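Taken in sequence, the protein lines are chains A and B.
Quick note on the working numbering: the first sequence kicks off at 1 and runs consecutively.
Quick note on the working numbering: the second sequence kicks off at 1001 and runs consecutively.
Just so you know, these hints were derived from the structure itself, not from any lab.
Please read all numbers here as calculations on a predicted model, not as lab measurements.
Glycine included, each C-beta is placed from N, C-alpha and C at the ideal position.
With a cut-off of at most 30 Å between alpha-carbon atoms, the simulated DSS-like pairs for lysine-lysine come out as follows:
no.	chain 1	residue 1	chain 2	residue 2
1	A	Lys208	B	Lys1086
2	B	Lys1188	B	Lys1201
3	B	Lys1043	A	Lys192
4	B	Lys1129	A	Lys208
Chain A regions said to be covered by chain B (calculated; three or more residues, Cβ under 8 Å):
no.	region
5	44-58
6	71-78
7	85-95
8	197-211
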Amino acid sequence: MIKKVLISGNEAAAEAAIRAGCRYYFGYPITPQNQLTEYISWRMREVGGTFIQAESELAAINMVFGASAAGARAMTSSSSPGISLKQEGISYLAGCELPAVIINMNRAGPGLGDVTPSQSDYFQSTRGGGHGDYRTITFGPSSIQELFDLTYLAFDLADKYRNPVLILGDGILAQVMEPVKLKKIKKRLPKKPWALAGCKGRKPNVIKSLFLTPGVLETHNWKLAAKYKKIEEREIRYETSFGADSEFFLVAYGSCARIAMGAVMEGRKEGMKLGLFRPISLWPFPYRDLTKLAEKGKKFLVVEMNLGQMLDDVKIAIGDKAKISFYGRPGGGIPTPKEILKEVKKR
Amino acid sequence: MKKVFGRPKSLTAEKTIYCPGCGHGIAHRLVAEVIDELKIREKTIGIAPVGCAVLAYDYWNFDVTEAAHGRPPAVATGIKRVHPNKIVFTYQGDGDIAAIGTAEIVHAANRGENITVVFINNAVYGMTKGQMAPTTILGQKTTTTRNGRNQQLDGYPIKVCELLSSLEGTTYLERVALDSVSHILKSKQAIKKAFRNQLEKKGFSLVEVLSPCPINWGLSPQESLKWIKEKMTLTFPLGVVKDKT
Chain A
1 MIKKVLISGN
11 EAAAEAAIRA
21 GCRYYFGYPI
31 TPQNQLTEYI
41 SWRMREVGGT
51 FIQAESELAA
61 INMVFGASAA
71 GARAMTSSSS
81 PGISLKQEGI
91 SYLAGCELPA
101 VIINMNRAGP
111 GLGDVTPSQS
121 DYFQSTRGGG
131 HGDYRTITFG
141 PSSIQELFDL
151 TYLAFDLADK
161 YRNPVLILGD
171 GILAQVMEPV
181 KLKKIKKRLP
191 KKPWALAGCK
201 GRKPNVIKSL
211 FLTPGVLETH
221 NWKLAAKYKK
231 IEEREIRYET
241 SFGADSEFFL
251 VAYGSCARIA
261 MGAVMEGRKE
271 GMKLGLFRPI
281 SLWPFPYRDL
291 TKLAEKGKKF
301 LVVEMNLGQM
311 LDDVKIAIGD
321 KAKISFYGRP
331 GGGIPTPKEI
341 LKEVKKR
Chain B
1001 MKKVFGRPKS
1011 LTAEKTIYCP
1021 GCGHGIAHRL
1031 VAEVIDELKI
1041 REKTIGIAPV
1051 GCAVLAYDYW
1061 NFDVTEAAHG
1071 RPPAVATGIK
1081 RVHPNKIVFT
1091 YQGDGDIAAI
1101 GTAEIVHAAN
1111 RGENITVVFI
1121 NNAVYGMTKG
1131 QMAPTTILGQ
1141 KTTTTRNGRN
1151 QQLDGYPIKV
1161 CELLSSLEGT
1171 TYLERVALDS
1181 VSHILKSKQA
1191 IKKAFRNQLE
1201 KKGFSLVEVL
1211 SPCPINWGLS
1221 PQESLKWIKE
1231 KMTLTFPLGV
1241 VKDKT
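All chains, please: the whole structure from these sequences, using the hints.
Structure (structure tokens):
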């Protein structure tokens, strides 16, 4: 029998980091991700790692920058207003090509908003977020197991591409408890000859994002672009439910996809040919796969806990190849399967 | 022929972008000489600031990273926690340390991070061409205080060493100046002590260096040295502010 443990999303993300070989965590409390910081505070020290409760989100992300520059696996976590503060650091990480994992348990905004679950940070997460022309790999898990697995994977991808990876959760995923199958603790981590460790036996390493010589920054940006293209080719993840016979697809990610799946099951009981298309990687977004569905003459309803942000990506994928509708609940509103089904029936 | 003077190994042959009479070149050299003398070049990691010294990584011949404006103490914390046996130092200006990065320096100091901070105080924003710094002295004219800094409108100059001295996490705080040969030699001794403290795991050390910025002060290099001695040191008195070693 596979042994599973019952843990919350916050704890699962923290434990996944530990097991992925992350030994440096820097954070600042903010609801609804406090249990992550609390859990990792003792767990990190138990495994001989470093936990610092930083003076601010700015400091925390810059400590991540330092630890990453020094060659270690490092992570921070926060929720929306705190993630906004981290954007400066995320931009520098992207510019300096430093790996890092950042967890956002999205709460409703704008401004201080509310601590209630939301998907209002989709644009910020998938379009770069900070200043400059860059992208961060972004995953939108929809179960605690998936949150664990993707956080575990995120460290490998961050190192592989030398790029920050974001996990976009929300207040539901953060707080809900589910049985999770844990993975083993990683012992062998990739070597990082570019990292700062003192220049003994080699030329000095320099980490920077400043390029003042004319043309050099453009070259650097093109180098980043080539990397992003590679990520778009290799790292797309999504899941289709009832893809074979469905005429009408809900498109949803994260917690919202779980609710949408409830609507699919209800609808199917009533004989509706309803399916679910669930992007798992939000950047890179599974455009091509959605386009293929659209070309088969399907209809689509995008469901989000916001005013329609992933909707833009669905429109990019589908264009006028199929009919796209939208149902969203902003400001911490959580759609119910019943509401979603009612929307489907209108179309 | 016996070589009696040369470039420290910790400095590259790169020409600096600094203006005539600027103190950064001297301060860079002092840091480099100290690192050579302590034989720690191969295990030193520096953090370059945002400001005139933003290109310091081109001039130093050891591992260096950039940091966002004000954040070097947080970056240094991350690096030092990964490499507790390496030598980690930040090189920061007055805007970096006493304005945008006040929280980072206060909390790195308060945690007692075993790092070294070289703080260049020239009482003005140099790279952006002469605006008021948090350390601009009262009455000092800058491009954003054209009639001189007025405490009622612009607040008072911040004394970083004195501010940090109340924190139990700080080990060694000294203010020095680059206005004369004897003071430059004294500055080097202070910087050396700040690095040695780290080697001996004694904790957080900061050396504040009063440094000339003739271009933005509107003075000649020689007048600038005089201005440090006659004006700046009245607000920022030289000497050891705290020493727990």
